[in-house]
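Asker: Since each chain comes alone in its own frame, lean on the hints to assemble the complex.
Protein chains in written order, with the working numbering: chain A, 51 to 393; chain B, 196 to 350.
Hints are all accurate, no fakes.
Facing chain B, from chain A, some residues (calculated, C-beta under 7 Å):
| hint | residue |
| --- | --- |
| 1 | 194 |
| 2 | 203 |
| 3 | 205 |
| 4 | 207 |
| 5 | 247 |
| 6 | 291 |
Negatives, chain B to chain A, calculated, CB over 12 Å:
| hint | residue |
| --- | --- |
| 7 | 260 |
| 8 | 334 |
| 9 | 339 |
Everything labelled a hint here was simulated from the structure, so no lab data went into it. A virtual CB, placed ideally from N, CA and C, is assigned to each residue, including glycine.
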Amino acid sequence: MRKGKQTWEFENEPAIIATGVTGGPFEARGRLAEDFDILHDDLWIKEQSYEKAHQRLIEEAVQAALEKAGLRKEDIHFFIAGDLINQLSPTNFAARTYGIPYFGIFSACATSMEGLALAANILNHGNAEYIVTGAASHNGAVERQFRYPTEYGGQKPPTAQWTVTGAGFAVLSSKRANYPNEPVVSRATIGKVIDMGMNDPFNMGGAMAPAAAETIFAHFQDTGLDPAYYDLIVTGDLGKIGRSTALELLEKKGIKLAEKQFQDCGLLIYREDQPVQAGASGAASSATVIYGHLLKLMKKGAIQRMLCVATGALLSPLTVQQKETIPCIAHAVAIEMKPGRMH
Amino acid sequence: MANPKKTPEQKEYEKLEKKHEVKRPIWRNCLTAFWVGGLFCVVGQAITYFYIYFFNFTEKTASNPTVATMIFLSMVLTGFGIYDHIGQFAGAGSAVPVTGFGNAVISAAIEHRTEGFVLGVGSNMFKLAGSVILFGVFSAFVVSLVKTILSYWGG
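Looking at chain B on its own, in the form it has when it is part of the complex (with noise of 0.2 Å):
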């Protein structure tokens, strides 16, 4: 059985081993995690300006080669073991961004080399990055079902 009820014997502990925890620095995370979230979205619209004057892209089509760009900076960022230090420096502020995204599928990529291509990097891939995907096609779905329902009800 899982999580059965607690005994008072464990809620005592409980109080008692809380005293010595140390707590997660919450304030001092979501000021880190706001400005480098903040610093990655600006390098980010560096480089969607950079595709737009010197490329033939327009602010609305500049969005998928800027995301690619980010992913292919967190992928080198990764493989050089430099993401996973920013990312207990800033948590969410690198774990957000579609950056994030890409850390977590060739972060399991790289460890699961060893296991050969097929079975290693192929079927581990997206065991962190796999959820994102599924929740969030499913999400986009029933948004997208709600919006059509009304529409059509708002004919």
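Just chain A, with the same shape it has in the complex (with noise of 0.2 Å):
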């Protein structure tokens, strides 16, 4: 059902009844590395490009996702997922090999969230019984394709921020009364593209924070709820300038938010000591940090509900080159626990 201007509430509460989640060599230095399922400790996955590496993260991540929920192939309706490749080739390749119907969407690094939120809408309405969603990426490929090679030597200033090697993907159901224990998708805001001039591709924290902002207040407009609802927000990959950012922002538009209350996956997913500069970046980094992290925390009771806003910035290397300014989108859904409540 929709409520206010641009929120989806899902009383129906489809369920998130697994998860998988694949990493690469750095991500299994992180500080997150033991809420991945697999993690490789080679960027190329012995494939013999980084774009099949891509796309064999995306189908370890559904596979794993697939052998949770006790599910085939077959069970699944939907794959709706995507990445940050040209023409989403290495989701695209993978769901070839899957065979399910498939929806390819692009939201850059907000993809994980379009992909959650339309994904719920499908379930909650009674088009589905299951789906898998999800996003993904790879530092390699993404590099190669945005910025420079990947061995080049040309020095990133501090606002840069490192793309995650991975792919995160959900298995959601509309059966809630066969999971009376996992967590539900309750309401989801999409977000519309925010323009606010920046044009640097290496300070995307500082892009994507008014997207954020925007979403997150457009949420608490809409659903007429407190802030203080949500035991966390959490940012797909603001990164540290991002972060602080939006939450100026937020307190502009009267939206007070705590320190810890308001988090980052793009900060939660590396060490200290990594040379990320600002933060991670790219689809992996909500779509593995949420479905991997933020999902144990909430089935070991830590987090009762969160609202998880994944930003991207819709640039292109073209866009960059020829001094357009840098659009960007953010989508937010809720992920609740509800214990007990059968149907």
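Answerer: Rendered as structure tokens:
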């Protein structure tokens, strides 16, 4: 049911019944290594190209999620996913492997939550029983498409961010009653494209912060909820600069969040001593941290309600060279633990 | 339209964002670039002396094999994935010397090996270094043209 201008309420509470998360060598050395299902010690993952390795990350994450859910690929009605590579080829190729009816989606690094919102909406209205959704990125493949060759010795400024190698996928079910102890998707706010005139591709956090603030603000406007309702409001990949900027923007809009209540996946995934400049980025940043780390915390009872706000910078290498500004988007999805409520 | 004028709202945001931005440490970068770049030159000088004392080169002719050796070293360091770390640390210090040029060429060549030798390595090798070559040759042409004209007038 639509609530307000741009928010959906999912009264049938589609459940996230299992997740699969894969990562690369840099993530294996990170803070959240334990929350990954599969970690590779080689960026190539024994494949011929970064793009094939990228595809493998997706396939393995989907496989891990299906295994944990105890489902076969034939049981899944739709596959909703995306990545950052031209024409979504890694995801398209993974979809070829699985042969599940497929929506390829692109919101740059906000793809994970766009997929989750769409999946929950389809399930909520009884248009499917099981959906697999997620997003992925590969450091080598993304760097070479958007920036320079991986071995090029250019100096990155302190505002730059590190693209996560990984994939995070979730299996969702409309049969809430069968999964009483799993987290549910309760609402989603779809963001609009915001462009505040930033044009530095090495400062994506600064460009994306207004989109995140705008979507979070819209979420509370539409739902009438108090910000304190959520134990955690987590952004996808704002990094240090984007996070503190968004915090100030929200305060200006009258939404005061505690430092601990407002976290960023891009700051959670790596250790302090890893050379990632301002933090992590990439479609896999939100996908791996939310579907791996944060959902685990929810099941342990550490978090009851969280609002996941994935942010995406909708730039391309061409628009950067043509001196265009960076349009950005953010989608917010609320995930909650509601144990015991049977339908 | 690229770069239309910023709206007042955008300007205001730019100001707000700047407060949170971590600035490039310019003085530290300059200093590191200076001593690392200098170190590269010391290595180059040592190689020049090596060619002069152990082979039959003069101070003038030793520069060619020196440059070749430096580029070879840069190629090896790039191939083993070390040069990009030096680059992150040293900035211009490792980008300006000829080794930086070598790194730009070889990193692109390695990167596009997956698309084959002709369409991959062949057509992408000078992706970054191409403009250096173009404008290097062009400015050499302009300078020599000016020199020729001046010396013609100067008779």
